[in-house]
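Here the protein sequences line up with chains S and X, keeping their order. Following the numbering used here, the numbering of the first sequence begins with 352 at its first residue and continues without gaps. Following the numbering used here, the numbering of the second sequence begins with 352 at its first residue and continues without gaps.
Heads up, some of the hints might be wrong.
[As the list claims (entries may be wrong)] Below, computed lysine-lysine pairings styled on DSBU-like, alpha-carbon distance capped at 35 Å:
(1) K655(S) - K668(X)
(2) K674(X) - K577(S)
(3) K477(X) - K404(S)
(4) K655(X) - K674(S)
(5) K379(X) - K379(S)
(6) K477(S) - K383(X)
(7) K477(X) - K672(X)
(8) K682(S) - K383(X)
(9) K477(X) - K410(S)
(10) K410(X) - K655(S)
(11) K383(X) - K577(S)
(12) K474(X) - K668(S)
(13) K674(S) - K736(S)
(14) K674(S) - K672(X)
(15) K379(S) - K668(X)
(16) K410(X) - K477(S)
(17) K437(S) - K651(X)
(18) K651(S) - K668(X)
(19) K430(S) - K474(S)
(20) K707(X) - K651(X)
(21) K379(X) - K383(S)
(22) K655(S) - K577(X)
(23) K407(X) - K477(S)
(24) K465(S) - K536(S)
(25) K655(S) - K536(X)
(26) K577(X) - K651(S)
(27) K577(S) - K651(X)
(28) K379(X) - K477(S)
(29) K379(X) - K439(S)
(30) K577(X) - K672(S)
(31) K465(X) - K379(S)
(32) K379(S) - K463(X)
(33) K426(X) - K536(S)
(34) K724(X) - K474(X)
Since the hints were made in silico from the structure, they are not lab data.
2 protein chains.
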Amino acid sequence: MLNFTHNISTVIYFGRGQAAAIGPELRKRAKKILIVTGSGSVKRNGVFDDVIKEVKGSKTPFIEFSGIKPNPRLKSVHKGIEICKKEKLDFVLAVGGGSVIDASKAIAAGTKYKGDVWDFFTKGIKPVEALPVGTVLTLAATGSEMNGNTVITREDAGRKLAFGSPVIRPVFSILDPRYTYTVNKYHTAAGVVDIMTHIFEQYFSRTEAADVQDRMAEGLLRVCIKYGPVVCENPRSYNARANILWAGSLALNDLIGEGKEEDWASHAIEHELSAVYDISHGAGLSIIVPNWMRYVLSEKTVNKFIDYGINVWGLEKNMDKMKIAREAINKTRAFFNLLGMPSSLSDVNIGVEHFKKMADSAVRDWPRVGHFKNLLAKDIVEILKTSI
Amino acid sequence: MLNFTHNISTVIYFGRGQAAAIGPELRKRAKKILIVTGSGSVKRNGVFDDVIKEVKGSKTPFIEFSGIKPNPRLKSVHKGIEICKKEKLDFVLAVGGGSVIDASKAIAAGTKYKGDVWDFFTKGIKPVEALPVGTVLTLAATGSEMNGNTVITREDAGRKLAFGSPVIRPVFSILDPRYTYTVNKYHTAAGVVDIMTHIFEQYFSRTEAADVQDRMAEGLLRVCIKYGPVVCENPRSYNARANILWAGSLALNDLIGEGKEEDWASHAIEHELSAVYDISHGAGLSIIVPNWMRYVLSEKTVNKFIDYGINVWGLEKNMDKMKIAREAINKTRAFFNLLGMPSSLSDVNIGVEHFKKMADSAVRDWPRVGHFKNLLAKDIVEILKTSI
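Assemble the whole structure, with the sequences as input and the hints as a guide.
This is how it looks when you write it as structure tokens:
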């Protein structure tokens, strides 16, 4: 196990009716707020009404900023920053999924920064401060509600980049499983794939003896495998939604990654796909991840796949090592398929034309693509080729 | 899953050399501090020197308060409060195991309270504020380094009582696995039993569908089973000490208990034993826990034991339900024995004479003894009888 600092400061209000915590939180922390939303689903399903009731109850003046899209755009972030600066807002309340939260975090950091917020994504500059961010989560997927990361797309440049800082970790998040009831089957499934992939990115690691982290990671994967099909088929199952929602937050709040070297190659590749083609992140991951697994499997990495196969999929211990590993990867592919997620690039109408460009771009945008196995541009092209 | 608020604010500095974080933390938070220690082991093994070097480096004036005993006494807490008030101290730094930390927390809360700190333990009064507490942990066991609980014994009354409040949750804790190298085999083993029992108290619950919490709890138990014997036999194994240390903190920092009804009957019974006989908490638990398991096992509770047997001990799924449950309990007993922990009250020279008194006292001191199965005084006597 490596050294680490554990500092997960987000207060989570989890369960039915927890929107009631918004009022007291805002009274404590905010004078005038920006409420950020997406394309309108929170207005149709009643979540926005719950939030506004609480905000009004707390007598906190607010300005609404709606229309954040999936793969949130830099230009929306710029717009939000402009409003915050002009109106002297001191708090950002994100009501939505990961895209709305990521945009809110970038707005919060950009408002307190003199330069262009894009510097944080491209120049390695770290924000010194940010407006505090609160979230009301409506989709189990990114874990953004409990971590200090944000991913933004600059459309004109075809670049989807991330940065992380403790100053943008939300101060509180409301996780009411019922707020995820109206997410459709496709986005629910994409969320489950995203959660599982976050776990894989931290689980598949060369760090030895991080058993605490790895046994918890396996536990969270088993929760996804048990409840993933249930939330897809029975979207109003409270217990299934609750388990997927809480697993999603714990999958990427640092808990299972701290003390370990992490991988993140599948995300590096997928970010290029969704930057160029604007596909759903979960769909991209569903295509890439099992092929990444097959590509990195070797005598050197097989032991981690054996743990995965036995502890997550319950495979028989006494089989041949490579057989356990391959069977575990096949089970992963079959599970994503069962959720209705795509297996190949052709399923989402992506051809071979930009493979080289995307691979070069991934290598340029990430300090290193992959740690469990370091990938060069040619490796990324190979993985994309097996994904056709 | 039940509603919960997750707010685990302690910053953990985990790993080799993390005592270096003490200086910056004190500069940020303290003007003049109380350093609380136990019976002298931290002075013999060099931990105290590391701490003092950092404290002096931060130029924070300090007063030392040593001599806290296992099952820490109310009179020591009173003494510490007197020093803090007289010297106008504003921070308590605990250097030791659970007893030192628990005493420090009670001192921290008592210093800011006009009445007698014992009120918090007996009258249900909650502290409004406390001095901030930091810890340098030297024993993996109680989890006190990351939670808001304290357990204190009032010797003249033979009472060992607890209270919990967010205001006494440590603001930071230093977890350097090497600081646990010199813990002897007996106390190392007792710590492992304590950690496992904390997990059991939260795991064995009537709350349904808290899979996230339960799969993580099982993972932590598996870490204890893998590394418990290693830390006993090979006390300087960094990886084994690291895993047990981190598992101990996560076992009782709220993570695996929130969203669930918890049990705590074994602790209610053991607190009476160690209040009356001053035995080691872990030894008392080793005797009680498997007998508590046997006593509460029934057709109504068997499913939880099946999860425990299969997911923690890897038992064969296809056996008879009750057989899996009994086998899992036998494995628990055998594991505690393997660690060198006692199986029966006679092993620690405790006779039958105070069974009734202890049972009555447990029922008096706890709002309810047991939630997985509610225990009356007569049930506690029965469990004690099977422990002879």
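List of violated hint numbers, smallest to largest | 7, 8, 10, 11, 12, 15, 17, 24, 33
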